[in-house]
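Line order of the protein sequences matches chains X and S. So the first sequence is numbered by our numbering: it starts at 1 and just counts up by one. So the second sequence is numbered by our numbering: it starts at 1 and just counts up by one.
The hints are all genuine.
The list cannot tell twin chains apart, which means a pair is met if one copy fits it or any two copies do.
List time: in silico BS3-like cross-link candidates among lysine-lysine, alpha-carbon distance up to 30 Å:
1. K66 / K238
2. K79 / K69
3. K66 / K79
4. K158 / K240
5. K238 / K125
6. K69 / K240
7. K125 / K158
8. K240 / K226
9. K79 / K236
10. K236 / K247
11. K158 / K247
12. K236 / K125
13. K158 / K226
14. K125 / K240
15. K125 / K226
16. K238 / K79
Just so you know, the hints here were simulated from the structure itself, not pulled from any lab data. No experiment lies behind these values; they were computed from the predicted model shown.
Here is what each chain is made of, one letter per residue.
Protein chains: 2
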Amino acid sequence: TIYVITPTYARLVQKAELMRLSQTFLHVPQLHWVVVEDADQPTALVRNLLAESGLTYTQLHILTPKDRKLQEGDPSWLKPRGAEQRNEGLRWLREMGSASRGQHGAAVENAVVYFADDDNTYSLKLFEEMRYTQGVSVWPVGLVGGMRFESPVVDGGKVIRFHTGWRPNRPFPIDMAGFAVSLHLVLTNPDAVFDGDAQMGFLESSFLQGIITMEELEPKADMCTKILVWHTRTEKPKMKREDALQKQGLGSDPNVEV
Amino acid sequence: TIYVITPTYARLVQKAELMRLSQTFLHVPQLHWVVVEDADQPTALVRNLLAESGLTYTQLHILTPKDRKLQEGDPSWLKPRGAEQRNEGLRWLREMGSASRGQHGAAVENAVVYFADDDNTYSLKLFEEMRYTQGVSVWPVGLVGGMRFESPVVDGGKVIRFHTGWRPNRPFPIDMAGFAVSLHLVLTNPDAVFDGDAQMGFLESSFLQGIITMEELEPKADMCTKILVWHTRTEKPKMKREDALQKQGLGSDPNVEV
Ligand SMILES: O=c1ccn([C@@H]2O[C@H](COP(=O)(O)OP(=O)(O)O)[C@@H](O)[C@H]2O)c(=O)[nH]1
Ligand SMILES: O=c1ccn([C@@H]2O[C@H](COP(=O)(O)OP(=O)(O)O)[C@@H](O)[C@H]2O)c(=O)[nH]1
Ligand SMILES: [Mn+2]
Ligand SMILES: [Mn+2]
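Let's have the full structure, built from the sequences with the hints guiding it.
Okay, here's the thing in structure tokens:
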């Protein structure tokens, strides 16, 4: 099983993002989607979308504390986004892992965990690459970090350094979309989590550095030469006319879910 | 068959966009994807993506003449985008339609044409709604025109006006994503095309006004009360670090397709 953990938050494009993401995942065999809402309660929008998705899923939620949340106008790099939600997904996996200890040995042995943001683009091949992860597998990510792509650099089958536009000496200069970890490693390292207070660019490192070394990384995607995931971002839709019409009482029907 | 005509052009996010779009379409039975590149030749990127998509498809191309193309820095509303490409798709359909006259009567009778931009988000339900179009079917579009949604307004099963934030008296104030047309109507109206010189917001009208009236529109999506398509737009990725590294000869390998 591939457990895909996706943080998500309410905004105009949320349903559209989750919709196309669910269509991608629906092509992937043995995928379990763990959707973690940045909200103090589960929402009906996400509940209904998941129920109609045809996927195997779990709906979780945890609100990012206000002081850790990016405020309107803050530059996007100021605080990491989705950290608490990914940790909530890890907590659920560990709870499930200990509940089923012994019983589902094989299922746990072969399971993999991937952190998939709701706005990225994923090739179906990516999931076949990560499916056989022993510890932590890695691959390039397109359109991230101000670069055409960032990537581990492989020599003799091992990762020897990282191609990145910024601070290559970070412990793991890898985007969230660029690695998967075996469930086994998640369960045997119960304290490995994302540090929501990590400096910009160090969130992935905060999780990975306790569980793996660079030498142990498993390069995938033809020795990290193929781009199978893209760090796309979706524009925030302008609501200029909507706002104007709403002032006249002529706005779009608020009962219609967008 | 649903013939989906998609204009597309080379840019950093092109492969990502076409990738997730192809994953959506792969869930839809009896869909034929007509991809029309804004290019003077077919590209290898699009050819390979289509070949690996698992879809039934046709790859076409036509370059937008320079004087009709939006230039860097032009406001996005200045010139319609994708008009020549959609017309090339129509030309191909008509050519195919006359080549198969008589032989594939039923196939043509039940076929539908939809214009799907490469950056929008489509629910799978949308295709089941449009599949039974007699003339022109219509439905709401989310996140378009500065509004939460734009939509035909239906009364007694007929479209009586349009909910839009701008010039509701245009002949058809409907986004490209908001209608489908029967192939029959396309073939029996050989001169109906998109006018690449149409004023802003009048491109859809330029095609529709010759073939249908408002009264004849077929409202879908529960009488135009459900949003099944979203006019999402993808951010242009920043290449700041890439540009800096390239100047030092350390840029991302140009042989890696992104
Ligand atoms: O306040 C927020 C902002 C973002 N996210 C989620 O965290 C992930 C990363 O956020 P985003 O895609 O905005 O980050 P970026 O594209 O800047 O890396 C996405 O799945 C978002 O839905 C969240 O849960 N709460
Ligand atoms: O020079 C261009 C610009 C756009 N398009 C295509 O035309 C459609 C509409 O363009 P876009 O999505 O940029 O328009 P908007 O989102 O502003 O409506 C999309 O399928 C694009 O790929 C094109 O073929 N050539
Ligand atoms: Mn993102
Ligand atoms: Mn668009």
